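One line per chain: the protein sequences are A and B, in this order.
Using my numbering, the first residue of the first sequence is number 1, and each one after it goes up by one.
Using my numbering, the first residue of the second sequence is number 1, and each one after it goes up by one.
Quick caveat, the hints were computed from the structure, so don't treat them as lab data.
Among the clues, some could well be false.
[Said to hold, decoys possible] Chain A residues, not near chain B, derived (Cβ > 12 Å throughout): (1) L20; (2) W55; (3) Y209; (4) L269; (5) Y277; (6) I342; (7) T348; (8) G351.
[Said to hold, decoys possible] Which residues of chain B face chain A? A partial, calculated answer using Cβ under 10 Å: (9) I78; (10) G79; (11) M104; (12) S167; (13) D267; (14) I280.
Being a predicted model, the structure only gives us computed values, none of them experimental.
Built from N, CA and C at the ideal position, the CB exists for glycine as well.
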Amino acid sequence: MIAMISTAAMAVRRKPVLSLWMMLLLAMVTVGAVSIVFVLVEGLKVTNLTNALPWGLWITVDLSAIGLGAGAFTLSAAVYIFGLKKYEAIARAAVFIGLLGYSSAMLALFVDIGRPDRFYHPVLYWNPHSVLWEITMCVILYTTVLLLEFIPIVLESRFFARYGWAHTVAHLLHRVMPVVALAGLGLSLLHQSSLGATYGVLTARPVWYSPSAPVLFILSAAAAGPALTMLVTLIAGEVLKKRMVPTDVLHGVARFVGFASLAYLYLKLWSWAATNYYSHVPAQATGIELLKEHTPYDVTFWWGEVLMGALLPAIIFLWPRLRRNRYLLMLGALMVVAGLVINRWNMTLSGFTVPLDWSPGVLDVFGMNRYSPTLVEWGVAVGIVGYTWLAFTLGVRYLSLYPQAVRLVRTRPAPAPVPASEPFADAAPAGD
Amino acid sequence: MGENNATNGGSEKTLTRREFVTIMVGAGATVAVAAVLADPLNSVAQSLLGTDTEVNAEEAPASTGPRWGMVIDLRKCIGCEYCVFACQATNDVTDEMRWNVHIMDETPTGNIFHLTRPCLHCNHAPCVSVCPASATYQREDGLVVMDYDKCIGCRYCQVACPYGARSFNWEERGDTPNPRVPEWGTPEVERRPRGVVEKCSFCIHRLDAGLARGQTPGVDPEATPACVNICPVTARYFGNLNDPESNVSKLLASTPTFRLREDLGTDPNVYYIPPEGLTI
């Protein structure tokens, strides 16, 4: 024990930032592990979920993780299907982040279902009528796709360099990658939108019932997935003093996120206008009124989802002068990511907060449903976030996630500014 | 089709015999291939869409078999909650997880009325279509029931049910006493384990056992849901909706009824006779 502490103390002295970061992550993972064990032993009574509001924080985590993992399918499709080879510089990181997203989503679901010992039942007892069944199958298959895309990254790490077969397997996998990427694209298009349909098809919940929900889910995922990949790439570069990917690649991703955000915004505003502004369907309108009156839904929708989550980042990413500032780029990506998480929380909670209405009389028989997660629920969520950050930190350290990373060398006694060494200075031609 | 081709060809004088034969052979081959492909495709499509499930497996077509349903007379209901308690005792249900609930509401004319709600056993049940593990299904006789051994506890059925007719086992119940036993009856079914959803089954165990004994559900008390038997004002009726001579069919034929949230298209098998002042 003392030896461990002294080793840790030495590590802190040598690399203080990294050590403290790792300690934080280990603490988060520990909290998560303890919470998960607690839930599995005690059952879901330790949550604040009820029969009237049976889904909460963990579903938000699960929906967010899958949405934020969408960088993998968009960037893989760019490289392997659309032949935009330059994005190979960032596609590996995107695949790794996707794998972390999907594995954490599956972990969240595993804790959330009442019978985790039966998690495989959808594979045995098919119900193709159920969007949740389709999602389960797609997520399982797509995680397999991500693993296939991830294996070459592992095999090409320094550890496997000494084995000849590793190179052969990696090479073989590379050759089938276009097929794998195509499968990944198809599966992602299916389940990313079906996650929106999970709410969108429920006729009994007027706030949810909407044909635009599936499309809104996939558009927001297409924006936020690459945005998260860009964000962590920039942060890693900042910490390691490296340029992780060529600047024009980064700006290409930024532009894509900008356009995806605009598309999302466009449908989102029309969806709002059609159901809230230009019409007054009783159940829907009263539902939104209730949410406005009793919850922060309206404020978080306009300020969090629309302005911060889509409009401002679209401006940053599509305005070349703003895009060239890497701190603005980070801020924009962070806003897109935060916007998606807020949206998934709002989606989940809004439909439940407004009560069902099946009584034929005129009274409001059923009150608003309320929910705030328990400490244990937060503990599981913190653990899952900690796991993804820890895995990514280790991934950057031990895997070649960024094959084109360049160490930025400061020409020390520089008499004149050297533009080439400036991190992320836009050397690419204008209008990239 | 072939005739058309021939006449067209003849009138326009552009179709040689060779072309005609080629077209006919091609068309014939296409039809043959289509016919060969159609059968397996059809069965695949059917199994995917679930159109040929238990319905075809049973010997009797849906129209002649029984379809169990309930009629609840809201003019009579006094809100005593006897049906709620009898259900809790018979099916061993806790207060928080009641399968059969009672609410009070008001008609537009200001009349207070009582309404009790079992599971409505919808013909287009949202809970059935959303279940990712086929744990909830509808039998050919209309009963929407659960296989508690398949349920994974995802609770999507609770999210989808428009009537809040489903309860989740948030904790293991163990041997905790049921407050309604023995006053309102004794449990006739097993307690459900922690982590699965449960729901009203129209006392399926009574129905099936009664039918096996040759009894008539809705007439013979041993073959009838507990909630129907206990009602002190006879507000609940149970029977075969497909039998025009059953008490429920006669009631439906003679009295105006409505179903809860018909606008949702769930097509429930539970009908209500409106209280005075309520026009549906």
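Exercise for review: Determine which of the earlier numbered hints do not hold for this structure and return their numbers in increasing order.
Suggested key: 2, 3, 7, 8, 9, 10 and 13
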